[in-house]
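Just so you know, the sequences run in chain order E and V.
Residue numbers for the first sequence follow this note's numbering, beginning at 2 and rising by one.
Residue numbers for the second sequence follow this note's numbering, beginning at 77 and rising by one.
Treat each hint with caution, since some may be false.
Unchecked claim - What follows is a list of derived Cβ distance ranges for each label pair:
hint : chain 1 : residue 1 : chain 2 : residue 2 : range
1    : E       : 602       : V       : 294       : 31 to 39 Å
2    : V       : 185       : E       : 310       : 21 to 29 Å
3    : V       : 123       : E       : 81        : 33 to 41 Å
4    : E       : 364       : V       : 273       : 21 to 29 Å
5    : V       : 294       : E       : 364       : 36 to 44 Å
6    : V       : 273       : E       : 456       : 37 to 45 Å
7    : E       : 409       : V       : 183       : 16 to 24 Å
8    : V       : 123       : E       : 489       : 51 to 59 Å
9    : V       : 185       : E       : 262       : 46 to 54 Å
10   : E       : 485       : V       : 183       : 21 to 29 Å
What the hints assert, rightly or not - Rough simulated footprint, nothing fancy, chain E against chain V, three-plus residues with beta-carbon under 8 Å:
hint : region
11   : 85 to 98
12   : 113 to 126
13   : 163 to 176
14   : 205 to 216
15   : 224 to 232
16   : 238 to 249
17   : 253 to 266
Rather than coming from a laboratory, the hints here were simulated on the basis of the structure.
C-beta atoms are modelled at their ideal positions from N, C-alpha and C, and glycine is treated no differently.
If you want the building blocks of each chain, they are given just below.
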Amino acid sequence: MRLPISWLGEFTEVKHSAAKVASLFLEHGFEAELIGHDLLEVEVTYNRGDCLSVVGLAREYAAWQGRALSLPRSAALETGHPGAHLGLDEELFERYLGAEISQPKFRLPKFVAERLKLLDYRPIHPVVDVTNYVMWETGVPLHAFDLDRILPRIELRLSEPGETIVLLDGRTVGPPAGSLVFAKATTLVDLIGIMGGELSSVIPASHRFWLQAGTFPKDRIYRTSAELRLVTPAAFRFSRGVDGLMLDFALGRAGQLLGLPNLQIFSAGRTVNPLVIPLNVKRLSAILGLKISEETIREKLRALGFTIESERGSGERRTLLVAVPNHRQHDISVEEDLYEEVLRLVGYQKLPMKTLPKSEPRIPERSQLEAIVTPSRPSLLYERKELLRENLRRFDFTEVISSSFVSGSEIGAAGLPIHRAVKLKAPPSPQYGFVRPSLLIGLSRAIAENPWAADVRLFEIGRVADGDAERETLGLALSGDGRGELKSLVGLTGLHLLPTDHPLARFLKLRRTVTIAELPTGELPARLFEPVERPGYRLGLRRPLSGFPPAVRDISLVVLATLNDEEFGDSLYRQIPELALVERFDRFTSPEFGKDRESRAYHLVFDHQARTLETAEVDRIMARIVRKLTTKFKAVVR
Amino acid sequence: MTAGLHPVSLVRERVVTFFTERGFTILEGPEVESAFYNFDLLNIPANHPAREAWDTFVIERGPAHLDGLGGEVVMRTHTTAMQGRVLRVMKPPLRVIVPGRVFRNEATDASHLAELFQLDGFLVEKNLSLAQLKELLAALFRRLVPRGEVTFIQHHYDFVEPGMDVRLSLGGRVLEVAGSGVMHPRVLENCGIDPKVFTGLAFGLGLDRLAMILLELPDIRQLYSMDLRFLKQFRHS
Chain E
2 MRLPISWLGE FTEVKHSAAK VASLFLEHGF EAELIGHDLL EVEVTYNRGD
52 CLSVVGLARE YAAWQGRALS LPRSAALETG HPGAHLGLDE ELFERYLGAE
102 ISQPKFRLPK FVAERLKLLD YRPIHPVVDV TNYVMWETGV PLHAFDLDRI
152 LPRIELRLSE PGETIVLLDG RTVGPPAGSL VFAKATTLVD LIGIMGGELS
202 SVIPASHRFW LQAGTFPKDR IYRTSAELRL VTPAAFRFSR GVDGLMLDFA
252 LGRAGQLLGL PNLQIFSAGR TVNPLVIPLN VKRLSAILGL KISEETIREK
302 LRALGFTIES ERGSGERRTL LVAVPNHRQH DISVEEDLYE EVLRLVGYQK
352 LPMKTLPKSE PRIPERSQLE AIVTPSRPSL LYERKELLRE NLRRFDFTEV
402 ISSSFVSGSE IGAAGLPIHR AVKLKAPPSP QYGFVRPSLL IGLSRAIAEN
452 PWAADVRLFE IGRVADGDAE RETLGLALSG DGRGELKSLV GLTGLHLLPT
502 DHPLARFLKL RRTVTIAELP TGELPARLFE PVERPGYRLG LRRPLSGFPP
552 AVRDISLVVL ATLNDEEFGD SLYRQIPELA LVERFDRFTS PEFGKDRESR
602 AYHLVFDHQA RTLETAEVDR IMARIVRKLT TKFKAVVR
Chain V
77 MTAGLHPVSL VRERVVTFFT ERGFTILEGP EVESAFYNFD LLNIPANHPA
127 REAWDTFVIE RGPAHLDGLG GEVVMRTHTT AMQGRVLRVM KPPLRVIVPG
177 RVFRNEATDA SHLAELFQLD GFLVEKNLSL AQLKELLAAL FRRLVPRGEV
227 TFIQHHYDFV EPGMDVRLSL GGRVLEVAGS GVMHPRVLEN CGIDPKVFTG
277 LAFGLGLDRL AMILLELPDI RQLYSMDLRF LKQFRHS
């Protein structure tokens, strides 16, 4: 919601700098950013329809200062227009005001065009421009008809199935049955609250106008707007609730801007009785954890336009009966809403910090765990999963997290039954077509993403789903034929060998064999849950990830048997910026190496942040490394 | 030994430890969820701008077991979906955290993911107050990001009232790190709990956002890279 601060200033005194106004909005629950020297962009959440206008935001700002709003000049309204050209079904509107304006030409004050420009509205016609201006200013979407084009009569009714309307942007749409419309005989001429029809719209030749300000059942307007995917600024406001008590000022303001000091208006409908909410004074303080006096509660609520109708009781039972102002009827419904309003004005920063009493975690029973996730099966207890992770890491498997979504092609290539897969309704791309029925696809993708790595050993603990159920699953993946190892870890069930000619391997361009084991976490053998201590982990990024493919070189060294691989790696990382990874993959002793010495072999993985390294560069880096190894680590390169 | 654990797992473990020390039970739930638990029970009605504010992946053909609840089936948009599941089975006093994967149907970029990890928490006891929630969350972020400074401001969520956002100032930037508030009375009533007898406090935070802060990642999508040059950096020290 774009807010020129000078416009705000027409409704209440603005004493603060633009930057301070922005931070005040933020403190009171509205994210605000200064986007021009006099212009704020204020985020209004969907529950505050009343703030989709300068008046609404001014009312808030004034309330925080403890000041009242002052409304600028508007035309005097006199009821008496018969409105004979209108057939209004009482059930289909709440309040309706209309004014007849007979004048071919208008001269608008300069600031109207200036402000509309700030809001990215281009001028169309003075009467239409004024409706846009007033909507922005008051939150009431006014609508202007060419009066001669709607005579003799328009009916307010619900649309029938199959009816269409030509909108003023030239498009023809078919609103869902039960949409609010104005019809002239059998032709629809206005999609109420959303957009006017071409047949009734203001045109350059128009010289008589019908200007309407109304409130209508917002759920109907919202539904039509959503189904047609037509979210105009008017529809946006109606969907979130327009204040019926603002209609008079809005119409009068329009008249004023059009140069008319008086308007004779047609008026119909009723206002809603305000909702009265009992507020327990002591409970407010207890729930917030901050003592707030009754006096302060009254002051803050009054500032926001609430009225305290009466009070009763005393002490613990002291209760105020709070009447909700019309513009807040759409977002205030329970006592706790009032607590938030009071706290908002007192200031969240004033809330103290209180410690929770100590407590021991409750251990749920198995039957409770089952009831909570029914009819899914419960996952492994979190602590068991952490133990599993640590065990798998000790077996030298690295944890990966793959996408929960897969494409239909991948499901087919993996040989999984697609008719049982969980399908998305309107996936943004084929990659989001289905929920993964297995971890197979994600793990295979992960191996495919590391073609340079000699040995890939991965695990994933994740949820998969199919037509019957969702279950938590462990997947293990090895490059090469790892059936022997995986069988010894998890047994034979759920073991798959993917040779390079397997459809999934071809689809993912996997140029080597992959072995995958997959089992529900509830069916894993005890050997994966050895009680081991979790060591500390590095939670820091040593080196940003390069988007360029690495080069790998192997090196064999004879080193002191006491050499710590981690320190060795760290030392190399510090000295060689192109080094992405150092991994030992072999070690052995032999008398030929001498006492206290052994042979170790390492994969060295090199890359660059901005490009693919050339072979000659890698050769030079290797030479540097060999020199360092010989001097610093007294290593003998084999 | 060069294998690593995923940074999201490591961050999650730090957060979980903080809460288990304070008496929270860890529970997990389904990712494919009914709109009833994900929205309706949480005071987010259908056909309303409130529901539209969520970018939801809707399921066309889902696990048969969710059909019994009627209504739409969705990929859960928040771990808050577990509140109703838990509170209809386990009665107060209760403190629960729910880590898990959630889904947002929006375009991904350097700071937005479609698949993210959250941790929701809620307490339902007698005599709880928002001031206790403030202390709890301040202590959490003090432990996780010692050089950051937290502030608390009002924010609207349908399932809490009053609602409260936690913002972290770090290195000149301000980030939203958690949403929280007093559980809305309607949510408690929907779980068969009397809001005049018990008070609920609830909060939710993004584990990926936290990981991004702790790792100083320029692009959140990197967090889910499957490249071993990234994954193997998170080894035991």
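To see whether the hints hold, each was checked on the structure:
no.: 1; hint: 602(E) <-> 294(V): 31 to 39 Å; verdict: holds (35 Å)
no.: 2; hint: 185(V) <-> 310(E): 21 to 29 Å; verdict: violated (50 Å)
no.: 3; hint: 123(V) <-> 81(E): 33 to 41 Å; verdict: holds (39 Å)
no.: 4; hint: 364(E) <-> 273(V): 21 to 29 Å; verdict: holds (24 Å)
no.: 5; hint: 294(V) <-> 364(E): 36 to 44 Å; verdict: holds (42 Å)
no.: 6; hint: 273(V) <-> 456(E): 37 to 45 Å; verdict: violated (59 Å)
no.: 7; hint: 409(E) <-> 183(V): 16 to 24 Å; verdict: holds (22 Å)
no.: 8; hint: 123(V) <-> 489(E): 51 to 59 Å; verdict: holds (56 Å)
no.: 9; hint: 185(V) <-> 262(E): 46 to 54 Å; verdict: holds (53 Å)
no.: 10; hint: 485(E) <-> 183(V): 21 to 29 Å; verdict: violated (45 Å)
no.: 11; hint: 85 to 98; verdict: holds (count 8)
no.: 12; hint: 113 to 126; verdict: holds (count 4)
no.: 13; hint: 163 to 176; verdict: holds (count 6)
no.: 14; hint: 205 to 216; verdict: holds (count 8)
no.: 15; hint: 224 to 232; verdict: holds (count 6)
no.: 16; hint: 238 to 249; verdict: holds (count 3)
no.: 17; hint: 253 to 266; verdict: holds (count 4)
Hint violations for this structure: numbers 2, 6 and 10, all remaining hints satisfied.
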